[in-house]
Structures are given as C-alpha cells and as structure tokens.
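Put chains B, C and D with the ligands on the given structure of chain A with help from the hints.
Protein chains in written order, with this note's numbering: chain A, 1 to 256; chain B, 1 to 256; chain C, 1 to 303; chain D, 1 to 303.
Simulated from the structure, these hints should not be mistaken for laboratory data. You can trust all of the hints, since none of them are fake.
Calculated cross-link-like contacts (lysine-lysine; reagent style DSBU-like; alpha-carbon spacing at most 30 Å):
hint : chain 1 : residue 1 : chain 2 : residue 2
1    : C       : Lys292    : D       : Lys205
2    : C       : Lys178    : D       : Lys204
3    : C       : Lys295    : D       : Lys205
4    : A       : Lys44     : A       : Lys20
If you want a taste of the chain B side facing chain A, the calculated C-beta under 10 Å gives, among others:
hint : residue
5    : Asp43
6    : Gly45
7    : Gln46
8    : Asp47
9    : Leu48
10   : Arg73
Bear in mind that the values here come from a model prediction, so they are computed numbers and not experimental data. Heads up, the beta-carbon is just placed ideally off N, CA and C, and yes, glycines get one too.
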Amino acid sequence: MLQAKCRVLANSLICGNFFKLVLQNKSIAAQAKPGQFINIRVDKGQDLLLRRPLSIYLAKDDKLEIIYKVVGRGTDKLAQVKEQEKLDVIGPLGNGYTLTAGKALLVGGGTGIASLVFLAAALKTKFNSVPTVLIGAKSKEDLLCFTALEKIGCAVKAATADGSVGFHGLVTELFREIVAIFSTHPSMVYACGPRPMLRELVRLCRHFRIPCEISLEEHLGCGVGACLGCVVKGAKNEYLRVCKEGPVFKASEVIL
Amino acid sequence: MLQAKCRVLANSLICGNFFKLVLQNKSIAAQAKPGQFINIRVDKGQDLLLRRPLSIYLAKDDKLEIIYKVVGRGTDKLAQVKEQEKLDVIGPLGNGYTLTAGKALLVGGGTGIASLVFLAAALKTKFNSVPTVLIGAKSKEDLLCFTALEKIGCAVKAATADGSVGFHGLVTELFREIVAIFSTHPSMVYACGPRPMLRELVRLCRHFRIPCEISLEEHLGCGVGACLGCVVKGAKNEYLRVCKEGPVFKASEVIL
Amino acid sequence: MDGLSVRIGSLLLKNPVMVASGTFGYGEEYAQLIDLNKLGAIVTKSITLKPRLGNPQPRLWETQGGLLNSIGLQNVGLATFVDEKLPYLQKYDTRIIVSITGESVVEYCQLAQALKKETFDALEVNISCPNVQHTKKGLFAQDKDLSYEIVRKVKRLSRKPVIAKLTPNITDIGIIAKACEKAGAEAIAVVNTFNGLAVDIKTKKPIFSNIVAGLCGPAIKPLALYKVYEVKKAVNIPVIGMGGIMDMNDALEFIITGATSVAVGVGNFVDPKIPLNIIRGLQNYLNSNQYKNIKQIIGSLEC
Amino acid sequence: MDGLSVRIGSLLLKNPVMVASGTFGYGEEYAQLIDLNKLGAIVTKSITLKPRLGNPQPRLWETQGGLLNSIGLQNVGLATFVDEKLPYLQKYDTRIIVSITGESVVEYCQLAQALKKETFDALEVNISCPNVQHTKKGLFAQDKDLSYEIVRKVKRLSRKPVIAKLTPNITDIGIIAKACEKAGAEAIAVVNTFNGLAVDIKTKKPIFSNIVAGLCGPAIKPLALYKVYEVKKAVNIPVIGMGGIMDMNDALEFIITGATSVAVGVGNFVDPKIPLNIIRGLQNYLNSNQYKNIKQIIGSLEC
Ligand SMILES: Cc1cc2nc3c(=O)[nH]c(=O)nc-3n(C[C@H](O)[C@H](O)[C@H](O)COP(=O)(O)OP(=O)(O)OC[C@H]3O[C@@H](n4cnc5c(N)ncnc54)[C@H](O)[C@@H]3O)c2cc1C
Ligand SMILES: Cc1cc2nc3c(=O)[nH]c(=O)nc-3n(C[C@H](O)[C@H](O)[C@H](O)COP(=O)(O)OP(=O)(O)OC[C@H]3O[C@@H](n4cnc5c(N)ncnc54)[C@H](O)[C@@H]3O)c2cc1C
Ligand SMILES: Cc1cc2nc3c(=O)[nH]c(=O)nc-3n(C[C@H](O)[C@H](O)[C@H](O)COP(=O)(O)O)c2cc1C
Ligand SMILES: Cc1cc2nc3c(=O)[nH]c(=O)nc-3n(C[C@H](O)[C@H](O)[C@H](O)COP(=O)(O)O)c2cc1C
Ligand code: FES
Ligand code: FES
Numbered sequence: 001m002l003q004a005k006c007r008v009l010a011n012s013l014i015c016g017n018f019f020k021l022v023l024q025n026k027s028i029a030a031q032a033k034p035g036q037f038i039n040i041r042v043d044k045g046q047d048l049l050l051r052r053p054l055s056i057y058l059a060k061d062d063k064l065e066i067i068y069k070v071v072g073r074g075t076d077k078l079a080q081v082k083e084q085e086k087l088d089v090i091g092p093l094g095n096g097y098t099l100t101a102g103k104a105l106l107v108g109g110g111t112g113i114a115s116l117v118f119l120a121a122a123l124k125t126k127f128n129s130v131p132t133v134l135i136g137a138k139s140k141e142d143l144l145c146f147t148a149l150e151k152i153g154c155a156v157k158a159a160t161a162d163g164s165v166g167f168h169g170l171v172t173e174l175f176r177e178i179v180a181i182f183s184t185h186p187s188m189v190y191a192c193g194p195r196p197m198l199r200e201l202v203r204l205c206r207h208f209r210i211p212c213e214i215s216l217e218e219h220l221g222c223g224v225g226a227c228l229g230c231v232v233k234g235a236k237n238e239y240l241r242v243c244k245e246g247p248v249f250k251a252s253e254v255i256l
Numbered sequence: 001m002l003q004a005k006c007r008v009l010a011n012s013l014i015c016g017n018f019f020k021l022v023l024q025n026k027s028i029a030a031q032a033k034p035g036q037f038i039n040i041r042v043d044k045g046q047d048l049l050l051r052r053p054l055s056i057y058l059a060k061d062d063k064l065e066i067i068y069k070v071v072g073r074g075t076d077k078l079a080q081v082k083e084q085e086k087l088d089v090i091g092p093l094g095n096g097y098t099l100t101a102g103k104a105l106l107v108g109g110g111t112g113i114a115s116l117v118f119l120a121a122a123l124k125t126k127f128n129s130v131p132t133v134l135i136g137a138k139s140k141e142d143l144l145c146f147t148a149l150e151k152i153g154c155a156v157k158a159a160t161a162d163g164s165v166g167f168h169g170l171v172t173e174l175f176r177e178i179v180a181i182f183s184t185h186p187s188m189v190y191a192c193g194p195r196p197m198l199r200e201l202v203r204l205c206r207h208f209r210i211p212c213e214i215s216l217e218e219h220l221g222c223g224v225g226a227c228l229g230c231v232v233k234g235a236k237n238e239y240l241r242v243c244k245e246g247p248v249f250k251a252s253e254v255i256l
Numbered sequence: 001m002d003g004l005s006v007r008i009g010s011l012l013l014k015n016p017v018m019v020a021s022g023t024f025g026y027g028e029e030y031a032q033l034i035d036l037n038k039l040g041a042i043v044t045k046s047i048t049l050k051p052r053l054g055n056p057q058p059r060l061w062e063t064q065g066g067l068l069n070s071i072g073l074q075n076v077g078l079a080t081f082v083d084e085k086l087p088y089l090q091k092y093d094t095r096i097i098v099s100i101t102g103e104s105v106v107e108y109c110q111l112a113q114a115l116k117k118e119t120f121d122a123l124e125v126n127i128s129c130p131n132v133q134h135t136k137k138g139l140f141a142q143d144k145d146l147s148y149e150i151v152r153k154v155k156r157l158s159r160k161p162v163i164a165k166l167t168p169n170i171t172d173i174g175i176i177a178k179a180c181e182k183a184g185a186e187a188i189a190v191v192n193t194f195n196g197l198a199v200d201i202k203t204k205k206p207i208f209s210n211i212v213a214g215l216c217g218p219a220i221k222p223l224a225l226y227k228v229y230e231v232k233k234a235v236n237i238p239v240i241g242m243g244g245i246m247d248m249n250d251a252l253e254f255i256i257t258g259a260t261s262v263a264v265g266v267g268n269f270v271d272p273k274i275p276l277n278i279i280r281g282l283q284n285y286l287n288s289n290q291y292k293n294i295k296q297i298i299g300s301l302e303c
Numbered sequence: 001m002d003g004l005s006v007r008i009g010s011l012l013l014k015n016p017v018m019v020a021s022g023t024f025g026y027g028e029e030y031a032q033l034i035d036l037n038k039l040g041a042i043v044t045k046s047i048t049l050k051p052r053l054g055n056p057q058p059r060l061w062e063t064q065g066g067l068l069n070s071i072g073l074q075n076v077g078l079a080t081f082v083d084e085k086l087p088y089l090q091k092y093d094t095r096i097i098v099s100i101t102g103e104s105v106v107e108y109c110q111l112a113q114a115l116k117k118e119t120f121d122a123l124e125v126n127i128s129c130p131n132v133q134h135t136k137k138g139l140f141a142q143d144k145d146l147s148y149e150i151v152r153k154v155k156r157l158s159r160k161p162v163i164a165k166l167t168p169n170i171t172d173i174g175i176i177a178k179a180c181e182k183a184g185a186e187a188i189a190v191v192n193t194f195n196g197l198a199v200d201i202k203t204k205k206p207i208f209s210n211i212v213a214g215l216c217g218p219a220i221k222p223l224a225l226y227k228v229y230e231v232k233k234a235v236n237i238p239v240i241g242m243g244g245i246m247d248m249n250d251a252l253e254f255i256i257t258g259a260t261s262v263a264v265g266v267g268n269f270v271d272p273k274i275p276l277n278i279i280r281g282l283q284n285y286l287n288s289n290q291y292k293n294i295k296q297i298i299g300s301l302e303c
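Next comes chain A alone, as it looks inside the complex:
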C-alpha cells in the first residue's frame, strides 16, 4: 500500500456509460493482486470530500487499468480528467481473491467483471488453466470485457436482461443452467457484481455446495481500515471491513 500521484495515460469512454482509466505507477502495479482496489482522490478541492474506490482491472509493468461506470458526482468528475493530468491514488488496498487450482467459474455483473479479468489472467499465469466466465449485463451495449476475456483464452458466456446478446435473462439463471449441464461442478466460483446478483449466486453455490468468493462494495471513508465506515455483516454476527478484510470475502464469511 502506498500513496502516489499517478499520471493519467488514458481516460476514455469504452461503451455505454463505461470508461477505462489507465494510470502510470510502477510500485502500485507491482504490488497489485486480483480483487484489490485503489482509492482515488477525484476532487482536488473540498467539494467532494471522499476518495472513490475502483477495482484493478489490469496491472502490468508501470500500468494500472481501471474500468468504471459514471453513476454520480465523483465518477462524473473522474470522467472529465484528461490525459497527462495527475491523480492522487492510494493502493493497492484490501484483500484480493484466493488463487486456487482447479476448474474455476467466474461470474461478473456490470463493472464487477473488471476485477475478474485480472483474476482470469492471474489464474492462467499461475496454473496454466483458463476459467469459464459468465458476464451479466442489461443489454449488448453494456457488456464489458468480452473480448479481453476471450483473448486470455477463457470460455465466455453472456447473459443480457433484454436478450440482445447471449442468454436472455439474469446471469444467475445462466449460472444455474451451466452448473446443471457441467458434468462436474466447478471447483470454485468467484463473483463480483451488484448485491442482488451476489445474494442469489451465494444461495445457489450453497445449494450446489460449491465454494465461492465474492467481492463486495460499500461506500468507503478512509479505505485503509481505520474508520469502520465500510462494514458488512459477518457470519459470526460481527462487522467486517470491506476495505480491509474485503473487498473479497468467502461467501461463508458474510451475511448479505
């Protein structure tokens, strides 16, 4: 974990309301693991006080890549940042995914897919095996990272709510079908996406008895574990910090 002013190498619209941000910083990139995030100060003034956390999509050499969606004032401000400007970044932060050998299944919804791309690449490097990936989106235009995942060599299947591409329905419905078809269950499910998707997925994994790791989002205060602002209810009825114990949790550790 370190704090650095990172040069913006690129920051541009990729599709729908989604942007890709490329930052330059060797030290953060070198430390980054799949599932970790960085915390960016988007406002140099005091209008928007808090930093904004974004998952690492790719970390290579001196490059850190992020995929984000404009949803409010902070991400809107971020979208206006220009190439060559510098952003104050703290990272990498949090605990990432546990890399385990075996037949992994990755399930991503919305921008949640970003951290899974980093994970897929890492699984391939470490175990020389490519996971299957399910991507959920509202519509064809909102489908992220499909080709990036294919390039890594993953079998990628899409689910869209409007049926404009791939499976017509929710990614959790696709998941249920796929798992039913698989001769053996995946050895591990990794998921990142909206809370309702994760909730249903965790229910299904429990049903099929598949171990599962999920990446959670909360609005953060400090981002480093100091303020206790970002908690999620743990299985022992304690509160766990998304920024520190998470953002990736074993499904069994938390109550969604």
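Frame of chain A, contents of chains B, C and D with the ligands only:
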C-alpha cells in the same frame, strides 16, 4: 436587469494575470451603461456559492466584454471556462457613471480601468469629446487597455510603480502633477481602482475642488440590493449598497 | 397547482415555497428577475421599531459550502416599512409574512401593536438573530420563558397568525418550540443561522467586527434538517423548514421530515430561480408519483 | 522543530498536530502511508469496556463539504485494546492519547481504573459521542453535573492527564468546559461532531438506522472555530481544536483563536498526508514570520 445563460465567445489571457471574457447576449448588452456590472455564476455546483461581480468593459450589439484578474478561487474557475460554454449571468446591475459634458479626466488602477474604457467611449459618442485618461499599474506588463483608449482617441498617460513605462510612481502622484499643469481643472474626474488609490484621489479632488465619481468594490451577496451585504459608509453615516446605489458614487456621498 | 397548497395554521399558501427573511429584501429587488406571484410567500427582512444602521464591513464571508453573514439587522424601521415597502408587496398575489425583531419584549409588543391594522398575512417573530445581543445570556430563543412571553404577547396584540423563528444554537430546540406552541404560535420556522467564526490569519483578527456571524447554505443542510426533525417531534403545529435548500430534492428532504413549508435563503443569491424551480419540481414530483396532494408527503418519514 | 512543541497540561507534545479519535483507528492502518513518529499525538478510536458491534450500514454519508457518520462506536473493547493495539502504538515516538467512552459513570471509572497501569500519555474522555444515547436527556457533555462527575472520577482514578472531549450540540459550551476544568481536566477537546440528519427521498427513510448522525469536515469549520472561541473564553486550561481542519491555514485559524493543539479528523481520509503537511507548514510559517515559538501565536486573536 435580467438573468440569462450567455454563450462564451472568448475567454483568454491578455497579459500578466488578466483575462478578457466575451459573452453573447443582446438584451444585457443593449441595457448596459458605463460603470454597471454583471454578476456571474462561476460554479455550477455548490463549492463556490456566490456569484462574482465584474464590470462591463464593452457592450456592443450582442457582445458583452469583461476584463478580469485572477485573484482567488472564483476568478480562477472563471479562467478555466471554455469557448462555447454557457455562463449564468445577471445584469446589467448597479448605477453607472453620470455622463456630463466638459473636460473629463479618467483615472484607473488595475482592472478598474475596464469600466472607464466603456465610459470614455460613451462620453465620445454622447458629447463628441474625448477624455484624458490616466492609468496606474505595477509594471509595464500589467498595464491594461492603453491601445483601446488610444483608439477611442483619448490622451492616455501611464504611471507604473516600477517606472517600467510612463510616469514612475503612483497614478495619484501623476494626477497631482497633471492637474497642476492643466490651465483649467478638469470639469469632472471619474475613477475606478483599489481603495487606497481612490482614497487619495478623493482627497486631491476635494483639495482642488473638482467633482469626482468613483466606482467601488465590495464582496457581494445577492448583487441586486436585497441582502445588505455589500455596503459602504455614506456621508450621512448611513450604509449604502455598492450593488444598488453604487458601484459608482459621487465622492461626496461616501466615506472611504 | 392545487395539490401544492398547504395550510400554516389559518394561513393558506398556494404552494409550500417561501423566500427566507433577510435574503429577499422587501421583494422589490427580485421582482425584475422572477414572478413574485408564483411564490408561496415572501418573508420580509426583519424589521425593528427604529431604523437600524447595521454592522460595518465586511458583512459576508464565504466558507466551504456556506456563507457567514453579519448584517446586523440593517433595516428601514417600522415607519418606512409601512409607508413604502408594504404597499409595494401588497400589489402581488402572494402571502406577505412580516418578520419582526426587537431588543426587548416591549419592542416586540410595540411592533405587533403598530402592525395590527396593516394588511399582510402573518407575522414572523424572529427571536433568533445571531447578529444582535438579546439578553445578557444570549438570544431570546435560547430562553424558553422569554420565548413564551414574546410569542404570547405578540399573539395577543396581533390578529395575524404568528410564526416563531428559532435558533439552532441550542441544546434542545424542542423545548423552545413547545413553549412557542403553548404561547399560541401558529407555526415554527426552523432554522435561523448557526453561530460561526472566521479569522483573518494575516491580521489575527476576526473577519467580522461582531466576532460571531451566522452560517447558512448547503453546509448546514444536514444540521438544519435534524433541527426540523426535533421540532416536528416536539410540537403539533406546522413547521417551516430552511437551511441550505438549493433544489427540489433538498426541499423534499425537509418536507418528508415534517416541514409543511420550506424557505429558500442564500439560494436566492446563487440563483434567483431556485424557489420557482422547486415549485415546478414539486408539482412534477406529485404528478409522476401519483400523489394528489403534497400533504401526503409532509412528515411521511418512516423511522 | 523545537519551536513547535506545546504543552497540554503536564503533557509535552513535539508539535501541536494530532489525529482525531475515530479517524485513525489504532494507528496501524496509517503506518504504511505516513511516518507516525512525526505526529504530535495519536488519539485512538474511543474504546469501551466491552467490545461494541456498532451500527448497521450505511455508516457514512457525504454532504456538501462534509461527512455524516454513524459508526456507533464499534471498537475492540478494553481487553483487546490493551493486549493488541496499545503495544503496537507504544513502538512509536509520539504521544498516545487513549480515548474512552462509556454508557454510565461507572463504566468510565472502570475504564480509567483498568488503564491506570498501562503505558500511554493521556486519557481523552469522550463524553460527547452522538451515536450512542448517554442519558435519557441526551449526551453526558450536555449536562454539566454529569460532565463534572465523570471527569472528576476518571481524574482521581487515573494518574494520567485527562482531556475532556465536548459536544458542540449545546447552547453554552463554556459551562461544560468550566465544569470539566473544575473537575481537574488538563485540557478540553472541541469539537465532536454536530447532530445531523439525511433522508433518502426515494424510500422516505432516514439514511441512518440511528436517525441522527454526526457531521464533520470543512462544512463545520466556522462552527467548530466558534466553539473553540467560546471554550477559550471560559477556561484557562489548553484547548485542542478540531472540526474541518484540512490545511495549515485552517490550523492557524484554530491556533490564533486559542487552540494549543489541533486535530485532523476526516482530513485523514481525504489525504493521509494532511497532518504532516500542517506540521511542515507551521514550521515554515514560524520561520518566515520570525516567530521563535508557536506559543507566540496561540490565542493571539485580537478582538
Ligand atoms: C472495493 C470497491 C471496488 C469498486 N470497483 C469499482 C469498479 O471497478 N468500477 C466501478 O465502476 N465502480 C466500482 N466501485 C464502485 C464505485 O466506487 C462507486 O460507483 C463510486 O464510488 C461512486 O461514486 P460517485 O461519486 O460517482 O457516486 P455517488 O454520488 O457517491 O453515489 C452514487 C450512489 O450511491 C449512493 N450512496 C452515496 N453514499 C452512500 C453510502 N455511504 N452508502 C450507500 N449508498 C451511498 C448515492 O445515493 C447514489 O445513489 C467499487 C467500490 C468498491 C467499494
Ligand atoms: C461592482 C464590482 C465590479 C468589479 N469589476 C471587476 C472587474 O471588472 N475586473 C476584475 O478583475 N474584478 C472586478 N471586481 C472584483 C471581483 O469581483 C473580485 O476580484 C472577484 O469576485 C474575486 O473572486 P475570487 O473568488 O477570485 O476571489 P476570492 O477568493 O473570493 O477573494 C479574493 C480576496 O478577497 C478576500 N475576500 C473574500 N471575501 C471577502 C469579503 N466578504 N470581504 C472582503 N474581502 C473578502 C479574500 O480573502 C481574498 O483575499 C469587481 C467587483 C465589484 C464589486
Ligand atoms: C444575508 C442574510 C440576512 C439574513 N437576515 C435575516 C433576518 O433579518 N431575519 C431572519 O429571521 N433571518 C435572517 N437570515 C436567515 C435566513 O432567513 C435563514 O434562516 C438562513 O439563512 C438559513 O437558510 P439558508 O441556508 O437557505 O440561507 C438572513 C440570512 C442571510 C444570508
Ligand atoms: C468516522 C468517524 C468516527 C469517529 N469516531 C469518534 C470516536 O470514536 N470518538 C470521538 O471522540 N470522536 C470520534 N469522531 C469525531 C472526530 O474525532 C472529530 O471530533 C470530528 O470528526 C471533527 O473533526 P473533523 O471535522 O476534522 O473530522 C469520529 C469522526 C469520524 C468521521
Ligand atoms: S473505509 Fe474506513 S474502515 Fe473501511
Ligand atoms: S450584494 Fe446584496 S445588497 Fe448588495
């Protein structure tokens, strides 16, 4: 007085820390009189709450021109506004200079000269007589509107604190010399500039018994006379509103 | 726009949006910029018996998301108000709420008495102006007995509905609100400005000659909203909410929390169209959410 | 950096800049980002006798220039603090101020008693946490007798310097500050957060399960500064000022107004370097203005 979203036709550095802003709005331009100002909302958000008042430098057809100096957060934000953006403007506001026939002498310091250029042009149009203008600045680089005034036909004399051009010293010292040289005193002095300059000038005019109008600055709240935030002490010990009774006052009306 | 009309005691407003005392002068100043007839009510600058000079400059200071002010109650005084300002306001089809303030209980009574025969819609009793010293210990609105006494006496002397305007600079605003309700106030206006200080680090002097100044604007919105919540819990009369309201969403927060009416203060300086934007916004909100009447939303907060 | 050292009662700080309770955990979290040895002092998250679970989500909400929080005092509890957190902090060359809070006078006493033999530099008695109910009527720090009693008893039980941390949600903070001074407090910390409310207009529910939350950040700076001014007028012991301090100029405003020391709260979230930037800034300020010692500036406000 009206409120309008005005297109920015130009907004660029002219010298030192000074910018020229050109706005498009026929109605405001048509109503504007020398000495009046407009009140600009520089922040669309709520970071910088209040509007910023700026004198009208030129109003012609559908164009409103402003000369401003970057001195704080508001003017800094204004300097970042780009061509074709729109600014929320209220104006024209306040009472301008009284246009009187005769041998006028105009004295401007810093950006104060802006409203005097508008006045010089109006005096020429109305009475077909061009005033003499004294401009004070720190240094050659900060000398504003010299050529614009010459184009109108004014006799223009500069005073710089560092002597880099024109008279070496304060514009009020130059004023004293000029008035001493003049065979007859000017019939009227109009002045706009920093408070210490105005204070000394008013003292001199009183000494020489020359009628004098001065344009004052205060930090404004509403800009329309409603909040009583912008007052200056009047000669009858009452408080006068800079935005309503002013910004131009007869020297005898106010206590500086 | 019938769905927007609200009742403040015996006073019927065509919509719940007012402009707050001291931020809208006596109406004239803004008449060129917006249609005053569209406002729910105009609250005048607080007037005193005699004209008041007010405080020396500076009177305003911007802070993060807020504005400190120390006007010192400069106003034309009762006589000029009645002769010149009130007739102007009477031309408009909106409610006129006259804000009065005094340095003693007697002065409030004299004001109420003198205004008895004039034509306007309600009296707002400002017992919370932070820019003048009321009692040795503080503001009238920091003392429940004095608050009761002033409201009670003004109420007796005046035939108009009486609104008590309270200060947020207090441990328990509910106690004061209750006292005012008991004294016969038709409504409680919450809040006046918060006590604040700014220091010029170059001169090592307070920015304001009066040292203390009043903070308003978006910075205080969450604090003002909580005060509205506390007052609403304490009394059964309508609450007029204000403090940093800049748009329809802000207004809705106050209304849901329990404000029957809301007032825009410093928002008028930022954009004089804010009150009308809020009125239009509320109408659209009612329509698109199938509410017949704004009353269905007032105080609908589910705790 | 000798010119920066200040004395808080019997406690000597190498410089006047602390990090505020609850915004810096138990120090570990920020140790990777800044050199803790450079800080004047670290105030720990308030600890209670038993571990506390804290409030459900959400616990944070951004407002204009501010942050509402409702953590609900989640903390590891006394035992774990002493076993795990304190030893970590003891490794650093900075002052450790342990913040304690309880639901009753007895709990404060038990905490003071239990901490007596531990190694740290001062106790901060947080009698002002807005996220827990203290008495039926409100917070301990809203009651001068209870404030007196708690500080007095803690002081008697503990050999450490005692700092009383007060709430700004009060009519006259001076009264409480005086009571704490009389009870033996070595210093007064001003302020804890301001009571605020935020409403979700879609669900018509308060954002926070606890309804009320505490506002901090630049939005409250002028209000906090005024409270420091009030406390400084009331007592002769040092004041520790906080509330929206984000840079050296903010710190100077507090110091000039009378704060012997300042604390950075939410500023740590915005930029963990803020405390160190302020320390460096103050040193430069002293040098370039030919001050030998920061004490020449403390309370130098000319009114
Ligand atoms: C570990 C982590 C990784 C993330 N990775 C990514 C990523 O890779 N890509 C991506 O696009 N996004 C990611 N996010 C989400 C991203 O941080 C948010 O979308 C962003 O911070 C929103 O900022 P904003 O200012 O644009 O929106 P805001 O205006 O702050 O908020 C948007 C919405 O959230 C609500 N909200 C605000 N505060 C709170 C609160 N305290 N509690 C609950 N709701 C609140 C608002 O009401 C609003 O509806 C991640 C979040 C976390 C915690
Ligand atoms: C009628 C009128 C006409 C003007 N015409 C021009 C013009 O033509 N060109 C031009 O360049 N400028 C003009 N000004 C001045 C201009 O409005 C200010 O320079 C501008 O508003 C500063 O805004 P800012 O945010 O950049 O600076 P700010 O950051 O607001 O302030 C700059 C300085 O002023 C101090 N300050 C802030 N608030 C107050 C207050 N309430 N009282 C006293 N001091 C305060 C600050 O401490 C700081 O030192 C005019 C002002 C008026 C009233
Ligand atoms: C410049 C100014 C002058 C004010 N004068 C008065 C006044 O005379 N009487 C009064 O009751 N309130 C006065 N107020 C307080 C406002 O009516 C209102 O209560 C406060 O500003 C909070 O609302 P806001 O945040 O929307 O501005 C004044 C406020 C400002 C900014
Ligand atoms: C997330 C958070 C948690 C806090 N927890 C505590 C606490 O446990 N004890 C305490 O005395 N103050 C606590 N505070 C208050 C701060 O110490 C400080 O008094 C307040 O935030 C004002 O300073 P600021 O505006 O610089 O943040 C907390 C503040 C925040 C933001
Ligand atoms: S954001 Fe502060 S603990 Fe997680
Ligand atoms: S700025 Fe409001 S009266 Fe002049």
